[in-house]
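> Chain residues, written in single-letter form:
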Amino acid sequence: MSWLDIGSIDDIPVRGARVVKTALGCVAVFRTDENEVFATSDRCPHKGGPLSEGIVHGKKVTCPLHNWVFSLESGEAQGADEGQIATFSARVEGGRILLNAAEIEARTAA
Amino acid sequence: MTKKLVVIGAGMASGRAIEHLIEADKDAYDITLFNGEPRGNYNRIMLSPVLSGEKSYEEIVTHDDQWYADNGVTCRFGEYITKIDRDRKVVTGTNGEVAYDKLVIATGSAPFIIPIPGKDLPGVIAYRDLEDTNAMIAASARSGAKAVVIGGGLLGLEAAAGLKARGMDVTVLHLMGHLMERQLDEAAGYLLRRALEDKGIEIKCQASTSEILGTDKVEGVKLEDGTILEADLVVMAVGIRPETRVAADAGLDVNRGIPVSDQMVTSDHDVLAVGECVEHNGALFGLVAPLYDQAKVVAKTLLEETAEFAPKEVATKLKVTGCDLFSAGDFAEGEGREDIVFRDPARGVYKRLVLEGNVLVGAVMYGDTADGNWFFGLIKDKTDISEMRDTLIFGPAYQGGASVDPMAAVAALPLDAEICGCNGVCKGQIVDAINAGATDLAAVKATTKASASCGTCTGLVEQVLATTLGDDFVMPAAQSVCGCTDLTHEDVRRLIKSKELKSQAAVWQELGWTTPNGCHTCRPAINYYLLADWPLEYQDDPQSRFVNERRHANIQKDGTYSVVPRMWGGMTTPDELRAIADAADKYNVPTVHVTGGQRIDLLGVKGEDLPSMWADLNAAGMVSGHAYSKGLRTVKTCVGKDHCRFGTQDSTGLGIKLEKHLWGSWSPHKLKLAVSGCPRNCAEATCKDIGVVCVDSGYEISVAGAAGMEVKQTELLCKTDSEEEAIEIISAFTQLYRENGKYLDRVFKWVAKVGLDWCIEQVVDDVENRKALAERFEISQSVYRDDPWAKLAKPKEAEQFSPLANLTLEAAE
Ligand code: SRM
Ligand SMILES: Cc1cc2nc3c(=O)[nH]c(=O)nc-3n(C[C@H](O)[C@H](O)[C@H](O)COP(=O)(O)OP(=O)(O)OC[C@H]3O[C@@H](n4cnc5c(N)ncnc54)[C@H](O)[C@@H]3O)c2cc1C
Ligand code: SF4
Ligand code: FES
Numbered sequence: 027m028s029w030l031d032i033g034s035i036d037d038i039p040v041r042g043a044r045v046v047k048t049a050l051g052c053v054a055v056f057r058t059d060e061n062e063v064f065a066t067s068d069r070c071p072h073k074g075g076p077l078s079e080g081i082v083h084g085k086k087v088t089c090p091l092h093n094w095v096f097s098l099e100s101g102e103a104q105g106a107d108e109g110q111i112a113t114f115s116a117r118v119e120g121g122r123i124l125l126n127a128a129e130i131e132a133r134t135a136a
Numbered sequence: 086m087t088k089k090l091v092v093i094g095a096g097m098a099s100g101r102a103i104e105h106l107i108e109a110d111k112d113a114y115d116i117t118l119f120n121g122e123p124r125g126n127y128n129r130i131m132l133s134p135v136l137s138g139e140k141s142y143e144e145i146v147t148h149d150d151q152w153y154a155d156n157g158v159t160c161r162f163g164e165y166i167t168k169i170d171r172d173r174k175v176v177t178g179t180n181g182e183v184a185y186d187k188l189v190i191a192t193g194s195a196p197f198i199i200p201i202p203g204k205d206l207p208g209v210i211a212y213r214d215l216e217d218t219n220a221m222i223a224a225s226a227r228s229g230a231k232a233v234v235i236g237g238g239l240l241g242l243e244a245a246a247g248l249k250a251r252g253m254d255v256t257v258l259h260l261m262g263h264l265m266e267r268q269l270d271e272a273a274g275y276l277l278r279r280a281l282e283d284k285g286i287e288i289k290c291q292a293s294t295s296e297i298l299g300t301d302k303v304e305g306v307k308l309e310d311g312t313i314l315e316a317d318l319v320v321m322a323v324g325i326r327p328e329t330r331v332a333a334d335a336g337l338d339v340n341r342g343i344p345v346s347d348q349m350v351t352s353d354h355d356v357l358a359v360g361e362c363v364e365h366n367g368a369l370f371g372l373v374a375p376l377y378d379q380a381k382v383v384a385k386t387l388l389e390e391t392a393e394f395a396p397k398e399v400a401t402k403l404k405v406t407g408c409d410l411f412s413a414g415d416f417a418e419g420e421g422r423e424d425i426v427f428r429d430p431a432r433g434v435y436k437r438l439v440l441e442g443n444v445l446v447g448a449v450m451y452g453d454t455a456d457g458n459w460f461f462g463l464i465k466d467k468t469d470i471s472e473m474r475d476t477l478i479f480g481p482a483y484q485g486g487a488s489v490d491p492m493a494a495v496a497a498l499p500l501d502a503e504i505c506g507c508n509g510v511c512k513g514q515i516v517d518a519i520n521a522g523a524t525d526l527a528a529v530k531a532t533t534k535a536s537a538s539c540g541t542c543t544g545l546v547e548q549v550l551a552t553t554l555g556d557d558f559v560m561p562a563a564q565s566v567c568g569c570t571d572l573t574h575e576d577v578r579r580l581i582k583s584k585e586l587k588s589q590a591a592v593w594q595e596l597g598w599t600t601p602n603g604c605h606t607c608r609p610a611i612n613y614y615l616l617a618d619w620p621l622e623y624q625d626d627p628q629s630r631f632v633n634e635r636r637h638a639n640i641q642k643d644g645t646y647s648v649v650p651r652m653w654g655g656m657t658t659p660d661e662l663r664a665i666a667d668a669a670d671k672y673n674v675p676t677v678h679v680t681g682g683q684r685i686d687l688l689g690v691k692g693e694d695l696p697s698m699w700a701d702l703n704a705a706g707m708v709s710g711h712a713y714s715k716g717l718r719t720v721k722t723c724v725g726k727d728h729c730r731f732g733t734q735d736s737t738g739l740g741i742k743l744e745k746h747l748w749g750s751w752s753p754h755k756l757k758l759a760v761s762g763c764p765r766n767c768a769e770a771t772c773k774d775i776g777v778v779c780v781d782s783g784y785e786i787s788v789a790g791a792a793g794m795e796v797k798q799t800e801l802l803c804k805t806d807s808e809e810e811a812i813e814i815i816s817a818f819t820q821l822y823r824e825n826g827k828y829l830d831r832v833f834k835w836v837a838k839v840g841l842d843w844c845i846e847q848v849v850d851d852v853e854n855r856k857a858l859a860e861r862f863e864i865s866q867s868v869y870r871d872d873p874w875a876k877l878a879k880p881k882e883a884e885q886f887s888p889l890a891n892l893t894l895e896a897a898e
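For the protein sequence lines, the chains are A and B, in the order given.
Read in order, the letters of the first sequence are residues 27 to 136 in my numbering.
Read in order, the letters of the second sequence are residues 86 to 898 in my numbering.
Zero decoy hints are in this set.
In the DSS-like style, the derived pairs of lysine-lysine whose C-alpha atoms are separated by at most 27 Å in a straight line are:
1) A:K73 to B:K642
2) A:K47 to B:K876
3) B:K856 to B:K755
4) B:K834 to B:K745
5) A:K47 to B:K642
6) B:K804 to B:K838
7) B:K827 to B:K856
8) B:K691 to B:K879
9) A:K86 to B:K691
10) B:K402 to B:K140
11) B:K671 to A:K47
12) B:K856 to B:K838
13) A:K86 to B:K587
These aren't lab readings, by the way, just hints derived from the structure by calculation.
Pulled out of the complex, with its shape left as it was, chain B reads as follows (with noise of 0.2 Å):
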């Protein structure tokens, strides 16, 4: 007699299943395909292009009604399997029961939906099979319609593409900094992103979503920071859950998912799992290829012939239209790795590729993944590449031979070739201006605007001038940034602005930089960089900073800190010195002392003590005193017209204003102010980066000194009989210096720089572009206007400033 195999769930890998089974053996079994949606296999990943419309379900369906019939199949389709009686081998669906001598779980994965608040009003729907799809065609029907997808993976965003295609206004959230983190890392995730904006989609990251709202449908989402969006349907693709019920219901051993042995068989022999429900070796599922794998096993293993299971490498890839994406193998955690990174920002291409020892273990390439297939092959077999290291990353069209010497490269160009593409000048014009005679990188671009635009030719150009001019030419060592780039801090300034450029990883990608995330060098001028020009949309990165900026206080020789609390333009009250000398009690502070910025300096803390010191500090008014930041120190004063004979304003007052109207802004470079009362200048104004001299008729406003290494006096910039435009124009220079500045020029060598004129023009004679620039000040200032030492010393933050583990005390035992 046949004996009789029950399948439960007719998904993507129980079909591979039945086909390999019925093509072995068609009468070996007698089966009955049991399948919860009413309809029998389809391809389930397609759902994608049936969402976006450039599908129909018909065309995705693979195994359709005369295919079940031919093969003898028994369908119940629309069924539940609600139990499974290991003992008598029944199981129950909701039309009845039917006996089994082999049963098959294929259950597939369940979404994963968040439990918070308003998860189950109508409208919020996830993404697995044709209903969620009909819901989301159906929603985007209605005009204007807004849709939020929760989750920026591959399923979340398949769904939005689809719904923007569909004429949605679509937002993505996503919890993590970058799209898709576990197949790209960051910088192909920014191309993505960037990509995904272009078709008008709204991407929000670290965007942790508290509620759903809505009464009897849902009207909108909230976020954890209080931002409420609007949405008339919400799509959670945040991962799935192998659905494992059924099997657990019976007994089985059931982990994450349903474990399995390497011929596929559950804890019962007689029970098999094959697909997204099972667990093999710890490892679960989410893609179809190892499944079909699985399912020949499956098949093999229910005609008693061996087979083992052995999963293999997977390759990821995105299908939305334009996003061309490939990311396989593992490209993160491990040790002795290496990166290749290759980046082409004009074509917007990214290429990483990671190897461990002579063997490539990962791939991510954005924009141009024509190589996948040839870079996942060489994953998947293990290949030794030592041979053809140098030259990997450009794919197998340049294996076998030939030489990548650059200069050989560029001398075997043909003339018409282009070099230039910003402004389309090709070699051949190049070629022409360095034979009439401009023979250096600044005249080939005076003559041809070779290079003059976004400047990554600029290699390019100097090696057609090398091989042109041969022994004549040398090739300049510009002063780039660092190691991680060709480019000069002016060139990188520039091209931030230029290309709108919000985020590091932009920075890496569009400039081309040769690291991965730059060096401690580059890294924290970026940084400044990126908040100076962005202050809205770029968010302060500490871990681009020099210790003493991430940790709010001046690091020692033997590793201890220096606290100083702010004393506005030097004044302080008796409270506040008992506050500062209790807590150097406390927290034993060796040494107390009077600094040359008019404060106290508490020297010698401890790490550890320093948020519950400045917690202390905080509870009697007092706030950092930045005296470790490349930004706002200190505004000396003198005590002015309210105490000294001489006295002709209110310099104590107009320091105190300027302290609290500059505190927390970040520079190039340190920037100290000072003002005194009358020309005595008893505090020191003239050797400030900005300094002020009260007199009878008003406030002489000076720049550019210094008293430190170099020492010099400050130059006039102007003259105002207003405190208000006083306070103005120093914002406005503050801010001049803040967005033209390279990073560590103090303010005397940009000055020397840029010309002590070109800054009068800016910011006294433009009236309106000093408007204009104390605006951009002030709106920096929203965000960094702030303590930094009262959010640290938040009990969640303040844990950063102690071990994460003590080993010690276990010891001891």
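With the rest of the complex left out, here is chain A (with noise of 0.2 Å):
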């Protein structure tokens, strides 16, 4: 598996995002209050919000427009509202953030 190096921890706030671009779109890259890192699709399916804008809480976001909330583990909306984002492997080693590029590149083809 290769992965991708796209920055160092430190470049997103705690409790904050970053966007990547990819060739088909915005990978939002989460920072928890644990400084765990999650990397899902930036857009919210309801309409589109970027979720990179959202509050992160625990280890979920809420979409900026519509505040609906995702999981950044399973990618599902949370409580009554239904919806799925995709999500991509994440990790950080010696403070960089790595991206599975394989992941990303399959999500590019697509």
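From the two separate chains plus the hints, produce the assembled complex.
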């Protein structure tokens, strides 16, 4: 498996997110309060809200446009809303954030 | 002939290794032990009790001269090994060479010294050995001496507590946001900080040291933000580095530490290494437990027996009296993890367990660590906890069948069990009150005082009501802030003030939040309450704000933003208009609209362009219009006396003064003002949150209007004949709203709750109170009367607006 180094964990604010541009769309990379890193699609399935601009709480994010809440782990919409966002493998090593190249490229090719 | 073993370093790891070796076979080796320190092995971790005066050095010696003599160990203490010649198999010490068949490197770690000016001044020390400890004890002997400890980790805090116990004035500087961030999460870090502050230790987090000051000895410490702290002693406890110099000089493989195999052998098969100087499978070590396991393996390998070192989980405890904390395993990073959080604010207890599937992987606890070792066992053994998951956090006492239905538990409580700790009310008194007719919470509160103080026992009182009244009692669904707490906004505001909660972590802990850090509903509210109540102490948290307030622009449905520069009192100039036009051209703004707030909105700006567009507008003298904030929006004015034939006062001038006075301030909801020059009211002042209508005799100030989803005329607050007093009254009223309003209540909703009469009393009749409110507003404005655009347009901050990486470029190749 090959991992892409996309930046330092310190480039993302705690309880915040940044976007990584890929050929077919943006991937949101989140950093939680506990310094965990999660990568998901940046697009809300409701009306396309940019999830990277949402409020990050626990391991969840709230869409900034109409407050749908998604699990960063499973990508599932929480509560009464129904929807799913794509999730990607991400890990941190020596302070660097790594994304799984194969998954991102698979998505890029899809 | 007996083989010759040379050991470099008489520390905790080699001490154990030699013990095991001698126990197994006293005659296997002729041992020569070198140590840089002029003494043999002692229990280094007990230096902290020596520093605090709880123990003497003699009490922590583990191997004395007699022991070395009895076991035939040749000691060369106070002698550094400067060279290893692996071809000739000899080591060189300060007093000459010694040959070896097997060599053990056990040189431990060297403290890391931050490379800043002044680091070599006398009085700047690390915390590693007895010399450092004695230097600290000596420094504390002078009365009134001040110490600065750099580093809020385990070592730094033990040093700080020890120095404080010896009567020094101690300040701890810590680079990160909370103490011991490697071992503790934020909530536990907060409790620890509070306990240390109670001991009189000053703690500064996010404090970066830039320089140590002094001419021929240390005199102070300078921080990056310019603060200067006086100091007679500076202790650097910012971390350790494996001491690998001698190994590297000898040409052994060295990474961060000296890499060893599972048998503790280095890249040379006759050279072993043990302790903090080693690196095993990429991992370094900083606590003794795994070093003791290594020591066993070293002894076996030297005796040519098979053994393998396998690192285990480690647990941390801080040796500071009165600070009971425990952390073990891994409570960060990793997918698929779940938290169980327990907080008991009254006792200052916090526990958090981290689960991965059905296995416990991490535990952090503060205040009550009695079950720490039981949890640690579950972590180490990877026990399947699915059976006890619901009660796991209560510890071993609750395992094994006992039901923990909370109702049953309350029903089972004896009548003399205390329910309300604040007011000392026991269950029996509440039951008596209920039987005497107090059949709801308010009545119980009024007759017994139970739950009338901190309110955390409200749930218990309700359960007593439920068990006593049976079906006659319906549990009320109180309007709590959100699902993370049962408290109402009003409760939370009151508690933040009365308990002096000054950080989010303090709120989560003291008010018993059920989630680690809130949700999108409560976090913005808490962030606002904290900054409104503690403007100087609390730092606004952008990550707890809705996107518009974090990006300082309104997000649009397509993800672009709108930019609205301030036009003070609705006034503008040709230059400003030109700059706006230029910006609209340069950034391809599709829509330019004149707003209902007397200014211009540039809509459809790309997020990435915001910082540079702001820089351009800043250059033309314009600042953010806060068209996105729960804070001051606009102060509309009419042209007033200068031009209008009916104008009575300078309405435009007053509007501008008010806007310059109030801008940047945050409030529970948005705040809009207007000033009209006469009762014809062209600025629509009588449907604003605060409106001023100028009349011949002065200014009529009215409040609580609305013209959005509801339309409502303002009500008269007061009249005044002086412009200055009008500004003071409006500041005071704004501050009253800021301090008391519920998050997301516009002024008119809030006034409907507290009553206009009360507002008049507070800001009109009671002049002293008015001045105090206006003064508190001014204190807050000393922080917030500032352009956020200018701050975010700086290169470092602007980065946040662009993608972290662009992989489309690579894919195209
Ligand atoms: C730009 C503007 C419309 C315009 O082009 O004129 C505007 C635009 C928005 N208004 Fe407004 N309001 C604007 C003047 C008003 C006014 C008139 C005024 O201020 O004199 C009102 C009625 C007066 C009042 O507030 O009582 C007004 C009552 C609202 C309300 C209803 C508030 C209420 O409490 O009933 C909302 C919704 C809310 O705040 O929850 C709202 C919300 C919004 C939002 C922020 C909707 C949103 O959350 O995205 C709109 C943002 C558009 C954008 O992307 O920029 N806007 N809005 C005006 C900006 C004024 C300014 O210069 O800052
Ligand atoms: C104040 C304090 C409190 C601590 N508290 C705890 C705790 O509560 N729990 C815990 O698990 N751990 C704690 N530790 C960490 C623990 O003490 C270390 O992990 C442990 O001492 C490391 O053992 P070691 O044998 O590898 O190194 P050390 O004990 O440091 O021994 C190395 C020795 O080698 C000598 N040496 C170095 N280079 C040479 C050379 N070239 N020639 C000759 N001699 C040399 C040094 O002088 C030193 O005496 C604490 C440490 C300190 C300083
Ligand atoms: S009136 Fe409605 S649509 Fe128009 S700007 Fe205000 S919120 Fe948006
Ligand atoms: S677009 Fe995300 S909730 Fe509507």
